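Chemist: Sequence:
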Amino acid sequence: MNETACRVRIRCTPEALWGALTDTEVPRPWKGGETVHSSWAPEAAYELRAGGSVVALGHVIAIDPPRRLKATFDPRWDPAVVNEPPGTLEYRIEAAEEGTCELTVRITGLSGASAAAVERDTSATYLRLKEWIEAGRDQ
Numbered sequence: 843m844n845e846t847a848c849r850v851r852i853r854c855t856p857e858a859l860w861g862a863l864t865d866t867e868v869p870r871p872w873k874g875g876e877t878v879h880s881s882w883a884p885e886a887a888y889e890l891r892a893g894g895s896v897v898a899l900g901h902v903i904a905i906d907p908p909r910r911l912k913a914t915f916d917p918r919w920d921p922a923v924v925n926e927p928p929g930t931l932e933y934r935i936e937a938a939e940e941g942t943c944e945l946t947v948r949i950t951g952l953s954g955a956s957a958a959a960v961e962r963d964t965s966a967t968y969l970r971l972k973e974w975i976e977a978g979r980d981q
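First residue of the sequence shown? That's 843 in our numbering, and the numbers climb one at a time after it.
Please note: incorrect hints may appear among the correct ones.
[What the hints assert, rightly or not] With a Cα cut of at most 30 Å, we get these calculated DSS-like pairs of lysine-lysine:
| no. | residue 1 | residue 2 |
| --- | --- | --- |
| 1 | K912 | K873 |
| 2 | K972 | K912 |
| 3 | K972 | K873 |
Just so you know, these hints were derived from the structure itself, not from any lab.
These numbers come from a predicted model, not from an experiment.
Required output: the full structure, derived from the provided sequences and hints.
Modeler: Structure below.
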C-alpha cells in the first residue's frame with residue numbers, strides 16, 4: 843500500500859488548525875485558493891474545488907473535532923487520475939508545548955499519477971499552511 847505522511851508543528855491552537863483544515867466555502871490560500879464543501883458529519887460527503895472544478899472528493903470515515911479527521915480521498919484534479927482508485931486522507935492534531943500543535947497528515951492507498959502527485963506535493967502544502975497560520979491569518 844502506498845503511503846505519504848508528513849508532520850508539522852504549528853504555532854496555534856488545535857481549534858485554529860482545525861478551522862483552517864475544515865472551514866467550508868472559505869478560500870484556502872495555502873492550497874491555491876481551493877475551497878472545501880461539507881457538513882463534516884460522520885459519513886458526509888465532501889468536495890475540494892478549485893477554479894470551479896472538483897479536484898478531489900470523498901466521504902468522512904471518522905471525525906473527532908479538533909483532533910482527528912479521516913476520509914476517503916478520490917483525486918479528480920487531472921484526467922490522468924480520475925480512473926485511479928481512491929485512497930484515505932487522515933489528519934491528526936495534537937496540542938504540544940508552548941502554544942503549538944502538531945499536525946500529522948497521512949494519505950494512503952493511492953497509486954499511479956495521484957500517488958506521485960501526493961508524494962511530491964504534500965509536505966510543501968502543509969508547510970504553506972504553517973506559514974499562513976503563523977502569519978496571523980487564522981489564530
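Chemist: Taking the hints in turn, state whether each one holds.
Modeler: Each hint, compared with the structure:
1. Under the criterion of a C-alpha separation no larger than 30 Å, the hint pairing K912 with K873 is consistent with the structure, at around 19 Å.
2. Restraint check: the Cα-Cα separation between K972 and K912 comes to about 20 Å, which is no more than 30 Å; the hinted pair holds.
3. The suggested pairing of K972 with K873 holds, with an alpha-carbon distance near 12 Å, which does not exceed 30 Å.
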